[in-house]
Amino acid sequence: ETGVTQSPTHLIKTRGQQVTLRCSSQSGHNTVSWYQQALGQGPQFIFQYYREEENGRGNFPPRFSGLQFPNYSSELNVNALELDDSALYLCASSPAIGTGGETQYFGPGTRLLVL
Amino acid sequence: QQQVKQSPQSLIVQKGGISIINCAYENTAFDYFPWYQQFPGKGPALLIAIRPDVSEKKEGRFTISFNKSAKQFSLHIMDSQPGDSATYFCAATDSNTGNQFYFGTGTSLTVIP
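If you read the sequences in order, they're chains D and B. For the first sequence, the numbering used here gives the first residue as -9, with consecutive numbering after it. For the second sequence, the numbering used here gives the first residue as 402, with consecutive numbering after it.
Do not take every clue at face value.
Among the chain D residues that face chain B by a calculated CB cut under 7 Å, a handful are [what the hints assert, rightly or not]: (1) P33; (2) F35; (3) N45; (4) G46; (5) L80; (6) E92; (7) F96; (8) G97.
Everything labelled a hint here was simulated from the structure, so no lab data went into it. No residue lacks a Cβ here, since even glycine has one placed at the ideal position from N, Cα and C.
Given these sequences and hints, build the entire structure.
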């Protein structure tokens, strides 16, 4: 049991809309990473937050943005949705970097469909 | 550019057989190599992980073999069971930066009863 929760589980949006996905980290974890997993593919790193600051970003455009809150929960925001944004969005939490923090524990994901 | 290459894409194994999945990487800064198991509709679950200071790590029926010079690592599932049918992903990261996990493209394993 990972303890990472995500909401909502499924979401349908139309092109051009904006979406916010939410993640609650496992207890004791202060680092959150977001990944996009297209159908039949491995997860692709979007960005990571550590102590409320962005700590690394993958090859995703600025319309993908995030937040981490003092309780270490996190949000992923995507603006101007495109059809290719349809994917499973995964949140992963880990302990502090450098303290075994490399292990990431994934939530069940949010399935986003853009029509 | 695919930082971690995984093969095969799919694998069918008889119950009781050995399943072997291979991965290769290029970045010599990578120093943490986990394997994840993912069932349909679920997030990836950490199965087993290895650091390059050892050549093998075993946990129950699951073994990682690591070849640092070849920059390759593999997952062996002994006595494969139908419940092992899932998609398996290898991954790699540089734990000094601690941020980005690079995943392989996944292997869909089917264990036939």
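Evaluated hints:
1. P33: Holds - the Cβ of D/P33 comes within 7 Å of chain B, reaching about 5 Å at its closest.
2. F35: Hint holds; D/F35 Cβ to chain B Cβ min 4 Å, cut 7 Å.
3. N45: holds, 6 Å
4. G46: Hint on D/G46: holds, closest Cβ of chain B at ~3 Å, below 7 Å.
5. L80: This interface hint holds because 5 Å falls under the 7 Å limit.
6. E92: Status holds, d = 4 Å.
7. F96: Interface hint status for D/F96: holds (4 Å vs cutoff 7 Å).
8. G97: With a closest approach of 5 Å, the D/G97 hint holds.
Checked against the numbered hints listed earlier, the structure breaks none of them; every hint is satisfied.
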